[in-house]
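One-letter residues, chain by chain:
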Amino acid sequence: MKMKTLMIAVAAVMAIPAMAQSQITVVNFGGANGAAQKKAYFEPFEKTGTKVVQVEYNGEQAKIKAMVEAKKVTWDVVEVESPDINRGCDEGLFEKLDWSKLPPKSDFQPAAVHECGVGAFVWSTVMAYNADKLKTAPVTWADFWDVKKFPGKRGMRKGPRYNLEFALMADGVAPADVYKVLATKDGADRAFKKMTELKPNIQFWEAGAQPPQFLVAGDVAITTAYNGRIDAAQREGKNLGITWTGGIYDLDFWVMPKGTPNKAAAEKFIAMAASVEEQAEYTKHISYGPTNNKALAKIDPKILAMLPTSPANSKTALQFNISFWADQGEALEKRFAAWAAQ
Amino acid sequence: MTTAVLPSLSLAGKLARVERRKRLRAMALTLPLLVFLAVTFLVPLGALLIRAVENPEVADTLVHTGKALSGWDHKATPPDEAYKALVIDLNAIPETAQAGVLARRLNSEVSGARSLIMSTYRAKLDVRDLPAAEAKAKLLEVDARWGETPYWLAIAKNSSRWTPDYLLTSIDLKRDVDGSIVRVGKDEAAFSDILLRTFSISAVVTIVCILIGYPLAYWLSTLSERRANLMMILVLLPFWTSVLVRIAAWIVLLQTNGLVNRFLMFSGVTDSPVPLLFNRLGVVIAMVHILLPFMILPLYSVMKSVPPNFVRAAVSLGSAPLAAFFRIYVPQTYPGIAAGGLLVFITSIGYYVTPALLGGAGDQMLSYYVAQYTNVEVNWGMACALGSVLLVTTLALYAVYRKFGKAELSLG
Numbered sequence: 013m014k015m016k017t018l019m020i021a022v023a024a025v026m027a028i029p030a031m032a033q034s035q036i037t038v039v040n041f042g043g044a045n046g047a048a049q050k051k052a053y054f055e056p057f058e059k060t061g062t063k064v065v066q067v068e069y070n071g072e073q074a075k076i077k078a079m080v081e082a083k084k085v086t087w088d089v090v091e092v093e094s095p096d097i098n099r100g101c102d103e104g105l106f107e108k109l110d111w112s113k114l115p116p117k118s119d120f121q122p123a124a125v126h127e128c129g130v131g132a133f134v135w136s137t138v139m140a141y142n143a144d145k146l147k148t149a150p151v152t153w154a155d156f157w158d159v160k161k162f163p164g165k166r167g168m169r170k171g172p173r174y175n176l177e178f179a180l181m182a183d184g185v186a187p188a189d190v191y192k193v194l195a196t197k198d199g200a201d202r203a204f205k206k207m208t209e210l211k212p213n214i215q216f217w218e219a220g221a222q223p224p225q226f227l228v229a230g231d232v233a234i235t236t237a238y239n240g241r242i243d244a245a246q247r248e249g250k251n252l253g254i255t256w257t258g259g260i261y262d263l264d265f266w267v268m269p270k271g272t273p274n275k276a277a278a279e280k281f282i283a284m285a286a287s288v289e290e291q292a293e294y295t296k297h298i299s300y301g302p303t304n305n306k307a308l309a310k311i312d313p314k315i316l317a318m319l320p321t322s323p324a325n326s327k328t329a330l331q332f333n334i335s336f337w338a339d340q341g342e343a344l345e346k347r348f349a350a351w352a353a354q
Numbered sequence: 004m005t006t007a008v009l010p011s012l013s014l015a016g017k018l019a020r021v022e023r024r025k026r027l028r029a030m031a032l033t034l035p036l037l038v039f040l041a042v043t044f045l046v047p048l049g050a051l052l053i054r055a056v057e058n059p060e061v062a063d064t065l066v067h068t069g070k071a072l073s074g075w076d077h078k079a080t081p082p083d084e085a086y087k088a089l090v091i092d093l094n095a096i097p098e099t100a101q102a103g104v105l106a107r108r109l110n111s112e113v114s115g116a117r118s119l120i121m122s123t124y125r126a127k128l129d130v131r132d133l134p135a136a137e138a139k140a141k142l143l144e145v146d147a148r149w150g151e152t153p154y155w156l157a158i159a160k161n162s163s164r165w166t167p168d169y170l171l172t173s174i175d176l177k178r179d180v181d182g183s184i185v186r187v188g189k190d191e192a193a194f195s196d197i198l199l200r201t202f203s204i205s206a207v208v209t210i211v212c213i214l215i216g217y218p219l220a221y222w223l224s225t226l227s228e229r230r231a232n233l234m235m236i237l238v239l240l241p242f243w244t245s246v247l248v249r250i251a252a253w254i255v256l257l258q259t260n261g262l263v264n265r266f267l268m269f270s271g272v273t274d275s276p277v278p279l280l281f282n283r284l285g286v287v288i289a290m291v292h293i294l295l296p297f298m299i300l301p302l303y304s305v306m307k308s309v310p311p312n313f314v315r316a317a318v319s320l321g322s323a324p325l326a327a328f329f330r331i332y333v334p335q336t337y338p339g340i341a342a343g344g345l346l347v348f349i350t351s352i353g354y355y356v357t358p359a360l361l362g363g364a365g366d367q368m369l370s371y372y373v374a375q376y377t378n379v380e381v382n383w384g385m386a387c388a389l390g391s392v393l394l395v396t397t398l399a400l401y402a403v404y405r406k407f408g409k410a411e412l413s414l415g
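Residue numbers (the working numbering), protein chains in the order written: chain A, 13 to 354; chain B, 4 to 415.
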């Protein structure tokens with residue numbers, strides 16, 4: 013008798029997690045993008061019966077590494093930047109993605125297909141300016157460097173990424189050759205030399221929210237910025253302009269940290285976030301491009317004109333070279349620190 | 004006579020026993036604190052110091068390659084056996100994850116090693132039954148970069164389990180081909196500048212804190228108890244506000260068209276806005292604001308205990324009031340200045356958020372790069388080495404203070 017009650021009690025305890033509503037933790041960078049993801053992905057997904065807990069982080073791969081090493085994984089799906097998916101995949105931090113559960117690979121942009129994840133969206137680092145303050149719009153990266161023609165400070169990201177590419181383009185290197193040149197010692201010297209030219213006029217930004225703020229406050233005349241942030245400011249009625257020439261586009265990816273306890277639900281979430289309808293819906297909330305090419309046909313032309321993936325905007329664009337930065341990143345970051353101190 | 008000595012001896016013994024028991028009990032009471040300190044302080048610090056010199060990535064995986072390279076002269080291309088050993092070692096790595104860790108480690112030595120190691124690892128060559136020369140040819144077919152010596156030098160250099168390289172790099176030194184220690188080139192030399200900058204920013208912040216905090220603390224110490232308490236709350240109020248909120252407030256105040264600049268232009272001090280943000284000035288202003296309470300509190304407590312009689316006596320003996328203040332009063336507050344200064348200085352050395360948000364690329368302090376190596380590069384060896392440099396210099400400064408502080412006390 014006693015044994016039986018005990019067994020019932022044990023069975024009851026074990027049944028609790030099964031009875032409770034299932035939930036997954038999705039980690040993203042928050043902000044306007046987080047809000048757009050909530051509308052396009054989290055809310056529809058919750059209707060399928062799985063609760064989504066949204067956690068924000070700042071791209072710290074150390075957190076994932078610590079979780080996986082301690083075998084205490086509490087994140088199920090994480091948005092990671094492109095250099096991190098390669099590195100993390102190589103180092104075994106992520107689950108392999110089962111592509112049979114997703115739309116066919118041929119539907120996606122080639123760059124969005126990865127053994128450890130799928131591209132979440134396409135974003136771009138572009139040139140932005142305050143259209144109220146500049147009479148003529150800057151057209152090329154040489155204009156960005158020309159402080160006589162466009163007087164005022166220049167906003168740039170604190171770090172070598174993007175800036176060295178822009179510097180080479182300003183120095184006359186064709187977008188297609190940028191990484192080839194930058195990989196050589198002479199090319200890197202050339203990029204840093206060009207950066208030195210502009211150095212007294214650079215105001216560095218740290219967070220993506222800063223560039224539109226700089227423009228609106230009149231701190232800088234032109235700045236590099238993430239296109240989605242400029243779009244968000246435009247939606248608030250600020251008269252900011254984007255020059256798409258020589259922009260650097262890149263993808264963020266959805267991955268699953270190795271050992272996630274809710275792998276099945278996580279896979280379902282990723283499959284949904286990769287499908288046509290949801291990706292088209294997502295572009296209504298923020299101007300980041302879809303990775304699923306079939307979604308392009310479903311997007312309003314007005315919205316399409318603001319996306320990095322539209323034919324007009326991507327004509328002279330450069331794809332961020334992940335493997336270049338994986339190989340050279342650490343050395344260039346260090347050189348940038350030395351350059352900043354000079 | 005014996006009867007008189009014996010009881011006193013046993014009394015002394017008893018006393019000693021009681022004393023010992025008391026001491027043990029006191030020790031037992033501090034035990035939780037000692038355990039707490041050991042777990043939260045000493046163990047992490049030890050781990051930090053070990054990580055700064057630990058170098059297991061290559062030593063664990065490329066065992067045979069390391070052996071094959073041991074007789075190499077570090078100049079010509081390495082012996083053919085090394086090529087074969089490398090392929091065998093790479094094939095023996097069970098998981099991609101480990102190969103990735105190896106690739107990351109070598110890449111922080113030579114840019115490009117990451118893609119080289121990963122592509123070779125993925126190629127999964129089979130050379131077990133081949134002579135070494137053929138194995139070499141096959142490896143060069145996979146990636147011609149294996150014909151270049153820098154990659155081999157990196158492997159040879161990191162074949163030992165412990166390395167001074169992280170620590171050397173953090174003070175802009177490196178081991179060259181022969182193993183002698185040399186300065187790095189101008190393009191790579193960043194950390195001595197950054198360390199110097201960290202100390203100079205901290206020193207400026209400390210001096211400004213003393214200049215602002217001293218008169219304020221003096222004024223507070225002359226007020227009546229009730230008014231002093233009220234003023235103290237005003238001093239402490241910012242202390243209880245989040246650092247980020249205070250930084251955001253400074254951005255609003257100091258930006259190009261912010262309140263401060265508008266006031267300066269309105270009052271005719273300047274015609275065009277002064278750059279107050281995203282430079283050294285902005286960092287110092289915000290850090291002084293955040294750290295001022297750390298200066299005022301120790302100063303105030305010392306000043307409260309200074310008897311006013313001495314200054315009065317000096318004045319009554321004919322000293323000018325100002326001279327009496329500087330020659331009689333100020334020396335009595337030296338312990339407060341020293342304690343407050345040390346507190347502010349050591350706290351500022353570790354500052355990260357304030358310079359990151361309010362400074363330019365040339366105003367970042369050492370902690371910024373510790374965070375960079377921890378979170379972005381995931382090169383924890385380098386992060387720990389930079390942390391160790393910070394720790395050692397701070398401890399050295401503290402030792403100087405102890406010496407200086409003691410001299411001060413004996414003077415007083």
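Simulated from the structure, these hints should not be mistaken for laboratory data. A couple of the hints might just be wrong.
[Claimed, not checked] Using 30 Å as the maximum straight-line C-alpha spacing, the simulated DSSO-like pairs for lysine-lysine come out as follows: (1) B:Lys70 x A:Lys192; (2) A:Lys205 x B:Lys177; (3) B:Lys17 x A:Lys192; (4) A:Lys63 x A:Lys77; (5) A:Lys280 x A:Lys296; (6) B:Lys141 x A:Lys77; (7) A:Lys192 x B:Lys141; (8) A:Lys192 x B:Lys406; (9) B:Lys127 x A:Lys113; (10) A:Lys250 x A:Lys59; (11) A:Lys75 x A:Lys250; (12) A:Lys160 x A:Lys84; (13) A:Lys77 x B:Lys78; (14) B:Lys78 x A:Lys83; (15) A:Lys51 x A:Lys205; (16) A:Lys250 x A:Lys275; (17) A:Lys51 x A:Lys75.
A quick look at each hint next to the structure:
1. B:Lys70 x A:Lys192: violated, 36 Å
2. A:Lys205 x B:Lys177: holds, 25 Å
3. B:Lys17 x A:Lys192: Cα-Cα ~86 Å, so violated.
4. A:Lys63 x A:Lys77: Roughly 25 Å between the alpha carbons, so the hint for A:Lys63 and A:Lys77 holds.
5. A:Lys280 x A:Lys296: holds, 23 Å
6. B:Lys141 x A:Lys77: This hinted pair is violated, its Cα atoms lying about 35 Å apart.
7. A:Lys192 x B:Lys141: holds, 26 Å
8. A:Lys192 x B:Lys406: violated, 57 Å
9. B:Lys127 x A:Lys113: OK: B:Lys127 and A:Lys113 at ~29 Å, within 30 Å.
10. A:Lys250 x A:Lys59: violated, 35 Å
11. A:Lys75 x A:Lys250: violated, 36 Å
12. A:Lys160 x A:Lys84: Cα-Cα ~56 Å, so violated.
13. A:Lys77 x B:Lys78: violated, 38 Å
14. B:Lys78 x A:Lys83: Distance ~44 Å between B:Lys78 and A:Lys83 Cα, so the pair is violated.
15. A:Lys51 x A:Lys205: It is violated: about 45 Å lies between the C-alpha atoms, which goes past 30 Å.
16. A:Lys250 x A:Lys275: violated, 42 Å
17. A:Lys51 x A:Lys75: Since the Cα atoms of A:Lys51 and A:Lys75 sit roughly 26 Å apart, the hinted pair holds (cutoff 30 Å).
The structure does not agree with the numbered hints 1, 3, 6, 8, 10, 11, 12, 13, 14, 15 and 16 stated previously, though it agrees with the rest.
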